[in-house]
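Student: Turn these sequences into a full structure, and let the hints guide you.
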Amino acid sequence: MSRPARIPVTVAAALLLAAVVAFGAPHVMGDYYVRILLLMGLNAILVLSLSLSNGFTGVFSLGHVGFIGAGAYLSGILSLTVQQKASLLPHLPAALNWFSLPFLPATLAAGLFTGLLAVVVGYPLMRLSGYFVSVATMGFLIIVNVVLINASDFTRGARTFTGVPLETSLPWVLGWLAVTLIVLARLIYSPFGRALKAVRDDTIAASAVGIDVLRARLIAFSIGAFFAGVGGSLYAHYLGSFSPVTFYFAMTMNLIAMLVLGGMGSLSGALVGVIGVTILSELLRSVERGFSIGDLKVPALFGASQIVLGFLFILIMIFRPKGIMGEREFTFGLTRQSAPNRQTEGQDP
Amino acid sequence: MTSFDYILQQVINAVSLGSLYALVAVGLSIVFGVLRLTNFAHGDVMMVGAFTTVVLNGLGLPFVPALVCGVAGAAFAGFLIERIAYRPIRSAPDVTRLLTSLAVTYILENLGILLFTSSPRNFPLPDVLNGAWQLAGGAITFTSINILTIALTLVSLVLLGWFITRTTVGLGMRAAAEDMAAAQLVGLDVNRLVIIAFLVASAYAGLAGVLWAAQAGVVQPQMGFTPLLKAFVAAIIGGFGSIAGALVGGYMLGALEIFIVAFMPDSVTPYRDAIVFALLIAFLLFRPGGLLKPNREIKL
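If you read the sequences in order, they're chains A and B.
Residues in the first sequence are numbered consecutively from 1, following the numbering used here.
Residues in the second sequence are numbered consecutively from 1, following the numbering used here.
Calculated from the structure, these hints are not laboratory results.
The C-beta atom is built at its ideal place from N, Cα and C for all residues, glycine as well.
Take the hints with a grain of salt, since some may be wrong.
[As the list claims (entries may be wrong)] Using C-beta positions, here's what the derived DEER-type ranges look like:
#1 A:S87 - B:P88: 54 to 60 Å
#2 A:G276 - B:A72: 38 to 44 Å
#3 B:L185 - A:G276: 40 to 46 Å
#4 B:A132 - A:G326: 56 to 62 Å
#5 A:F311 - B:V68: 29 to 35 Å
#6 B:A72 - A:Y32: 44 to 50 Å
#7 B:A132 - A:L284: 46 to 52 Å
#8 A:L104 - B:A282: 35 to 41 Å
[Claimed, not checked] Computed from the model, here is a short list of chain A residues facing chain B with C-beta under 10 Å:
#9 F60
#10 L62
#11 V135
#12 A136
#13 N145
Tutor: Have a look at this one:
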């Protein structure tokens with residue numbers, strides 16, 4: 001087997017595992033654990049899609065949640081039944097109110113829409129870098145939020161958008177997670193992926209060797225946004241009801257924490273971050289509700305889990321700024337070298 | 001409707017709002033000038049100032065001493081933040097420092113929720129400041145808080161101007177802002193200058209927090225968020241890192257917001273914030289140095 005094929009082999013093994021878990025888990029675990037597994041998968045899709053621009057391309061976007069929100073709302077609007085549309089969104093334009101899409105087409109539509117939106121938004125913004133691009137994408141997030149609140153014909157405004165069918169199940173999430181992983185792994189460990197990392201590590205050198213910086217960034221940004229839209233749709237069909245504030249700074253902070261803690265330069269890092277932060281938040285949440293040891297009663301401490309998470313984040317920034325995984329990947333012994341930028345240069349198809 | 005009185009009323013509102021934005025933006029600019037750090041926690045330092053004032057006022061301290069303590073409390077919070085979170089990563093890449101300041105925001109906000117719950121509570125104003133004034137037979141109204149905001153902004157800015165142009169420490173701060181390595185080479189104690197910059201900036205945040213809460217009438221843990229974002233836009237429009245730029249940007253933004261609401265059709269008004277942030281993006285793209293600085297080329 002040729003060396004470059006090994007990453008897909010790892011992914012295929014993971015896929016098989018995912019399928020077993022997806023269909024097996026509900027039989028051996030309680031509902032609570034299945035739900036946590038589902039949330040992990042969902043967050044993994046979102047964090048992986050974020051890692052493409054923020055981790056691999058060096059365009060540190062704070063606007064990713066804008067795409068997730070746009071995807072969630074679009075998919076929600078498309079999959080309401082005609083009767084629901086008439087009662088919940090009476091002012092919906094005629095072109096949208098006579099049909100209702102099933103889950104999969106609605107999700108794909110959401111992804112395509114956010115991908116295109118990213119092309120339009122990214123075309124000017126990808127000229128910026130470093131701190132400027134973070135600020136500008138944050139502006140984008142705020143604009144999306146304002147539009148979601150005010151375009152009440154489509155979104156019910158600041159009120160809860162409700163009635164989205166609850167179709168997101170573990171097999172759906174893990175299936176989409178597998179698709180995301182395969183696409184990103186193929187992309188990142190390809191010549192184009194190396195171009196992205198070159199852009200991240202030294203923009204001027206990258207453009208000097210003939211890489212079209214703007215184009216590379218735009219492609220990465222749009223593919224990331226596509227999966228953000230898909231993840232948004234899954235999220236919408238998981239929650240059933242949501243409002244613009246669901247897709248705002250709190251979610252941004254959460255996703256970035258997962259990405260940065262795990263390590264921005266590796267796909268495994270994103271997964272490690274998601275699993276770690278999810279488990280930690282669940283543990284802290286039970287502490288937060290208050291508990292008692294013998295006669296000692298600890299009262300409910302709302303917000304405590306976020307404070308611990310924030311301090312952990314600062315400690316990581318100080319002592320391990322590249323995150324837990326850094327740029328390494330789990331390869332399960334399938335490659336001798338860690339996959340990125342070693343040896344394989346010049347041998348790829 | 002658009003009579004002279006109406007326009008004058010809007011100008012008063014614009015100056016009042018602009019003063020608040022300018023106060024917050026000046027603090028952001030001081031820190032950015034010295035450290036090249038976007039201090040997202042600045043908004044939460046505002047919250048610290050406002051809550052300190054409310055709590056001390058509730059304990060029986062009169063309003064003015066409580067306000068002074070609030071400002072001092074905010075300054076102390078800024079000092080702690082610099083020592084604990086920012087100093088260890090001072091030479092780290094931009095994005096690392098941006099993320100750290102987001103984490104500090106996260107911690108402070110949740111600390112506020114933990115201590116005071118997330119529901120808003122009343123901001124107690126002494127009777128002296130509760131009044132409103134009317135001119136031209138009621139066509140023009142302004143509150144005592146409007147006047148207090150504008151007056152305190154002016155006084156504190158004159159003080160700041162004196163501080164950074166006439167005192168040794170202020171001159172040192174400007175030197176550090178110009179080139180920190182060079183400042184260190186000529187024997188300036190950079191750590192001390194950074195601490196002073198944080199103390200001054202956070203005191204500004206505290207003052208702005210109290211005035212903001214006084215205008216809104218309520219305090220809550222998330223109160224710093226909106227002013228922070230607006231001041232951020234103001235600072236970038238004016239030229240990030242420049243104090244004069246923060247002033248110009250603050251007043252421009254205040255005027256823009258008030259005039260959108262006052263003179264634009266009702267269908268546009270709700271999109272005010274979208275317009276403001278579109279302006280931010282436009283400035284970043286076409287004039288990242290802001291109004292007061294030459295258009296420095298950005299590294300692509």
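Student: Would you mind marking each hint as holding or not holding in the structure?
Tutor: Hint-by-hint comparison with the structure:
1. A:S87 - B:P88: 54 to 60 Å: Roughly 56 Å apart at Cβ, these two residues keep to the hinted range, so it holds.
2. A:G276 - B:A72: 38 to 44 Å: The hint (38 to 44 Å, Cβ to Cβ) holds, given that A:G276 and B:A72 are roughly 39 Å apart.
3. B:L185 - A:G276: 40 to 46 Å: holds (43 Å)
4. B:A132 - A:G326: 56 to 62 Å: Given range 56 to 62 Å: holds, Cβ gap about 60 Å.
5. A:F311 - B:V68: 29 to 35 Å: With Cβ atoms ~31 Å apart, the hint holds.
6. B:A72 - A:Y32: 44 to 50 Å: holds (48 Å)
7. B:A132 - A:L284: 46 to 52 Å: holds (47 Å)
8. A:L104 - B:A282: 35 to 41 Å: Cβ of A:L104 to Cβ of B:A282: about 39 Å, so the range 35 to 41 Å holds.
9. F60: It holds, given that the least Cβ distance between A:F60 and chain B is near 5 Å, below 10 Å.
10. L62: With a minimum Cβ separation of about 9 Å from chain B (threshold 10 Å), the hint on A:L62 holds.
11. V135: holds (6 Å)
12. A136: holds (5 Å)
13. N145: Interface hint status for A:N145: holds (8 Å vs cutoff 10 Å).
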